[in-house]
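S.K.: For reference, the chains in residue letters:
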Amino acid sequence: AQTVTQSQPEMSVQEAETVTLSCTYDTSESDYYLFWYKQPPSRQMILVIRQEAYKQQNATENRFSVNFQKAAKSFSLKISDSQLGDAAMYFCAYRSARGDMRFGAGTRLTVKP
Amino acid sequence: DSGVTQTPKHLITATGQRVTLRCSPRSGDLSVYWYQQSLDQGLQFLIQYYNGEERAKGNILERFSAQQFPDLHSELNLSSLELGDSALYFCASSATTVLTGELFFGEGSRLTVL
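Protein chains in written order, with the numbering used here: chain A, 43 to 155; chain B, 10 to 123.
Just to be clear, a hint being listed does not mean it is correct.
With the C-beta cut set under 10 Å, the calculated list includes, among others, these residues of chain A facing chain B [what the hints assert, rightly or not]: (1) Y75; (2) M87; (3) L89; (4) F110; (5) A113; (6) A114; (7) S118; (8) R137; (9) R140; (10) D142; (11) R144; (12) G146; (13) R150.
The hints are simulated quantities; they were obtained by calculation from the structure and are not laboratory data.
Backbone N, C-alpha and C fix where the C-beta goes; we use that ideal spot for every residue, glycine too.
Could you build all of it, start to finish, from the sequences and the hints given here?
M.R.: So, in structure tokens, the structure goes:
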């Protein structure tokens, strides 16, 4: 079974600075998708960014970008120009060929003013 | 608003009881997923349905069962409840089972077992 590991339970960043959240995964599949979801205090799950495994180019969405290293099975999220509203739990997720999605344990991000 | 509707939003019950959580997916979505999130934990995948059929199963206890009905809504049944079953239960939906689709999540049903 695929596993997703987020080794940083908590991270902190100063407002306007850059922070990188780490994620590794284990799989024997060659085709899959990776996602980062954000969960603010409201508990709503919000998609931040997605990455197709077959694409070498790293995905970017405004201030959010990923560093996808397929051979290393690593998928980190970089948040640039951090804002107070970025404070949340961030979950890395792996979607398999069957369609089910598995999540990591999450990283709680604090943004300091 | 994701378009996924979950009811009830909050539920308080006693140990040993049985509850049913309901989920209506986004219009047109054929796949429904159930997740359990205990306090300050990640999301544990329970089960996935596609157009009425079970497609994948995760760490779902035998005391729990689910189904997806012809109108595509889904229900998660939790029985013989224990204190440890207290959690936020999320339902999510997607258009198909292909890899590209993100999952759209409901707001969750918070279950408290006393």
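S.K.: Kindly indicate which numbered hints from before are broken by the structure, ordering the numbers from low to high.
M.R.: Going through the list in order, the structure violates hints 4, 5, 6 and 7 and respects the others.
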